[in-house]
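Chemist: Next come the chains, spelled out residue by residue.
2 protein chains.
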Amino acid sequence: MELPEYASDKEIDQAVDKIREIFKSDLKNGESYDEGLYISHEKSVLDEHADTYFNTHHALDNERSHYVLFPRLTAQVSEILKLCHEYKIPVVATGGRSSLEGHFIPTRGGISLDLSNMDAIVHFKPTDLDITVEAGLGWEALNDYLEDYRLMFPVDPGPGATVGGCVTNNSSGTNATRYGAAFANVVSLTVVLADGTVVRTKKRPRKTSAGYNLNGLFTGSEGTLGIITEVTVKLHVKPKVERVAVVPFKTIKDAANSVNEFLISGINLNAIELLDDKMMKCVNDSGETTRKWTQAPTLFLKIGGSNDEVVKSTINQTKEISAQHGSLDFQFASNEEETVELWSARKVALWSTINQGKLKNNDIQLWTTDTAVPISRLPRYLVEVKKAIDDAGLENTLVAHIGDGNAHSFILYHPEEHAKAERIVHDIVKKAIELEGTCTGEHGIGYGKIDLLEEELGLIPIDVMRKLKLALDPQRILNPDKVFRMDPNKKVE
Amino acid sequence: MELPEYASDKEIDQAVDKIREIFKSDLKNGESYDEGLYISHEKSVLDEHADTYFNTHHALDNERSHYVLFPRLTAQVSEILKLCHEYKIPVVATGGRSSLEGHFIPTRGGISLDLSNMDAIVHFKPTDLDITVEAGLGWEALNDYLEDYRLMFPVDPGPGATVGGCVTNNSSGTNATRYGAAFANVVSLTVVLADGTVVRTKKRPRKTSAGYNLNGLFTGSEGTLGIITEVTVKLHVKPKVERVAVVPFKTIKDAANSVNEFLISGINLNAIELLDDKMMKCVNDSGETTRKWTQAPTLFLKIGGSNDEVVKSTINQTKEISAQHGSLDFQFASNEEETVELWSARKVALWSTINQGKLKNNDIQLWTTDTAVPISRLPRYLVEVKKAIDDAGLENTLVAHIGDGNAHSFILYHPEEHAKAERIVHDIVKKAIELEGTCTGEHGIGYGKIDLLEEELGLIPIDVMRKLKLALDPQRILNPDKVFRMDPNKKVE
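Residue numbers (full-length UniProt numbering), protein chains in the order written: chain A, 1 to 493; chain B, 1 to 493.
Excised from the complex, chain A in its bound form (with noise of 0.2 angstroms):
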């Protein structure tokens, strides 16, 4: 297969005027035109459109786009894609740029398109459950919005990351084992294609079998299909009461245990997260939560009901069972403001492992894994991997959405160490695939999990997808060297 003969520099640069004109003739009465706002072509902003720290692999320095643009309306974007499609520009559309695959890497120069001022709440009724945003706001923000109505959206990834992020990578974090991924969230998207078609997938229903699930497919399809720039996404009412609970435990496996049993018994978590004792210790390290931890194999839970009744039933019942499994404490919130810190320790899990890191050596860099296994074998598993990063003598520490079977190695090595720790990571996601799992539970393939991908699901599904990208984006323009190659036959295009 060919490589597209994409534009030349010039080319671009025509486009670009182009698109000056049409910004500016988008500008309200009176509004003067500040080129800053919408079109950059400085170094230091088209290297932070080209990568960030958390990649796992990184932008060569030839790998930055021409352009990055800042459009504010779908219909920008439009145009946008209209021109460039006009003259085969590959443009990469950002967000928060919080992925950690590469997802944004502009491998072919290009357009970044940068959606983070599209940012407005477009429609609202609480009563429906629904929320219509652009693409460009912030999960957190849009969950700030939502704390007075009791409502939240579900989906929780990293910090920064945009709601049409979210969606574009199916994303979900620590709230999808009990109201799924992103991809369960949506109600409907308007798409811009690569040739700056307008698509509205659905209208506004919670429920619909109308036609092909559009929604299913650009969820997920991380900016190589069609550029998110507007979505509605299913709200859930905020439990009426919702603690946390802190739960350590001897061994991964009891810790493993108890959560089967939980399951098995019906109970309702909100949330299942496992921290492993390093990762406490770090969490402890890092003096960011009040309270002390013991450095053990941790459950955090969240239990949540209709009334304190239920909740504090709940929350006896869990405990019972988490000390038929041995557990070697059950703390829980008791109030709200107690809940916020026992979660908190979850939350700072990543940075303490950085900040640990970086404490001994500055240049210390990160690897976050993101495999998931059939539930039953995660124990095994996450014993295995521990085991596998210890050997090698790199420093690791653990978090797993355990419900789902997903979790994150948070691995730390010096630069000289890449290739170790490529290998490392390698084997991890190997054994993933063996035990019938994945390597991405909710990262995404971006650039830098396109082998894993062939190892894990073979040839033939990625020539659907391959057929798809095709009938969708022929000239190949949109966030080119993405999820698949496109010739099956070349390690690099």
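No wet-lab data here; the hints were simulated from the structure. There may be inaccurate statements among the hints.
Lysine to any residue pairs mimicking SDA-like chemistry, simulated, CA-CA at most 20 angstroms apart [said to hold, decoys possible]: (1) A/K467 to B/P474; (2) A/K88 to A/S8; (3) A/K238 to B/N260; (4) B/K250 to B/Q324; (5) B/K24 to B/N62; (6) A/K360 to A/K312; (7) A/K240 to B/N260; (8) B/K347 to B/R291; (9) A/K238 to B/I264; (10) A/K88 to A/E11; (11) B/K234 to A/N316; (12) B/K234 to A/K358; (13) A/K28 to A/A120; (14) B/K18 to B/T197; (15) A/K312 to B/K18; (16) B/K319 to B/N335; (17) A/K125 to B/E434; (18) A/K360 to A/N316; (19) A/K358 to A/E416; (20) B/K240 to A/N316; (21) B/K125 to A/N260; (22) B/K347 to B/E336; (23) B/K253 to A/P126; (24) A/K240 to B/K319; (25) B/K347 to B/T290; (26) B/K238 to A/H418; (27) B/K125 to A/E434; (28) A/K238 to B/L263; (29) A/K234 to B/L263; (30) B/K125 to B/S8; (31) A/K234 to B/I264; (32) A/K292 to A/S344.
Stretch-level coverage of chain B by chain A, calculated; a stretch enters the list once three of its residues show a Cβ under 8 angstroms from a Cβ in chain A [what the hints assert, rightly or not]: (33) 120-134; (34) 199-207; (35) 439-446.
It should be emphasised that the depicted structure is a prediction, and the values quoted were computed from it without experimental measurement. All residues carry an ideal CB built from backbone N, CA and C; glycine is no exception.
Mind docking chain B on chain A? Use the hints.
Modeler: Then chain B, alone, in the frame of chain A:
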């Protein structure tokens, strides 16, 4: 767009001769070939595979497949499709044939592929909370099997549907409010593409972001993109305790306001169903439940929890809220037997409507609507819908999956009133679309709602669907004339 040149009768015969050899070669040692078990050309079998009483649009006399095939293995489906691809033979997959919109009408003749012999359980490990089954297994049989494990497959459409049918039509039912539609419960699919390629979409992680969401695409594609032969679905742990409450109200609005308050209070209801006064009368008249019910708009609620105390407390809270909204009564089951008894009234709703109609006129026809609207709009919508049907002088009853905003009017009409019924149904759908709803919450488009889908979404999303269809089935052999028309300019191709 030109209609593809499908195979001639003679070519179909030739292909079926080859298929016969495939079936024969797959026989086990000593087994003899019984044509009737694999290939049928009998009129009664062809008729059965073309239409049902329940369809809102019926097959014309010439809309019959040439053969009905009964494969037993994915490999056979693959070989059959390779031949159909080679000969350009239309293929319509069928299962329980309980769909309502003419999903399996063989408009272009060819082959009906009856998957009901593919009903094996392929892989089951209860602690993984998933199961892999062949597509032809019934959802009821699956749930019977899971009973011993206190697990459930939550999708509960009409009786007779297969698990594969549930997925291919994105079915749901009374449990969807709590557990989501089929779409949210698919882990992995084995799909045979139009050219015979066998695709396994995923491995078996409960959560994944590995590549395009092919599960999301094939779920709800109604056999037009590929034929699903095996599915891995999520299972849910049955609530340890679950009780049914039956709560009549003076008006639909009171009932709906009560539901709204349940939701806002964060009460986790496992099902929220509304039956109108006429439906309750039918249930009473049917004599199929031992109790006699108040003939008023009535909520049927499933209230579950992990222990008696939790459920009791939730029932009390639910009762209190209902009373605040003017409930006329509040009956709840105090044990499992009574729970089944109370829920049975909901279960017999459809049949009792038909029987009621047939008592008066044996020729009576049934039209089942399936609109959904944003949930806050449902009460007003239901009142308008009932009035519209009443004003037209057609008998009707109503059930609503009120937590999802999804409602079914069962409209009875005499054959000569077909045009009137059609007009009313169109008005009902139009009203739903005006309220940002959908023409189908769970039954799908099939053959009967192609025009309504256009009204609902407009032509742009359908054009995207068309591109996807042509990318995966360029010869258009899979379930022709369903979901949308290939040529946007033609009413009939």
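Chemist: Each hint: holds or not?
Modeler: Cross-check of the supplied hints:
no., hint, verdict
1, A/K467 to B/P474, "11 angstroms, holds"
2, A/K88 to A/S8, "9 angstroms, holds"
3, A/K238 to B/N260, "14 angstroms, holds"
4, B/K250 to B/Q324, "13 angstroms, holds"
5, B/K24 to B/N62, "30 angstroms, violated"
6, A/K360 to A/K312, "44 angstroms, violated"
7, A/K240 to B/N260, "14 angstroms, holds"
8, B/K347 to B/R291, "14 angstroms, holds"
9, A/K238 to B/I264, "8 angstroms, holds"
10, A/K88 to A/E11, "9 angstroms, holds"
11, B/K234 to A/N316, "28 angstroms, violated"
12, B/K234 to A/K358, "41 angstroms, violated"
13, A/K28 to A/A120, "17 angstroms, holds"
14, B/K18 to B/T197, "18 angstroms, holds"
15, A/K312 to B/K18, "66 angstroms, violated"
16, B/K319 to B/N335, "17 angstroms, holds"
17, A/K125 to B/E434, "16 angstroms, holds"
18, A/K360 to A/N316, "42 angstroms, violated"
19, A/K358 to A/E416, "16 angstroms, holds"
20, B/K240 to A/N316, "16 angstroms, holds"
21, B/K125 to A/N260, "13 angstroms, holds"
22, B/K347 to B/E336, "16 angstroms, holds"
23, B/K253 to A/P126, "18 angstroms, holds"
24, A/K240 to B/K319, "17 angstroms, holds"
25, B/K347 to B/T290, "14 angstroms, holds"
26, B/K238 to A/H418, "47 angstroms, violated"
27, B/K125 to A/E434, "16 angstroms, holds"
28, A/K238 to B/L263, "10 angstroms, holds"
29, A/K234 to B/L263, "14 angstroms, holds"
30, B/K125 to B/S8, "47 angstroms, violated"
31, A/K234 to B/I264, "14 angstroms, holds"
32, A/K292 to A/S344, "12 angstroms, holds"
33, 120-134, "holds (count 5)"
34, 199-207, "holds (count 9)"
35, 439-446, "holds (count 7)"
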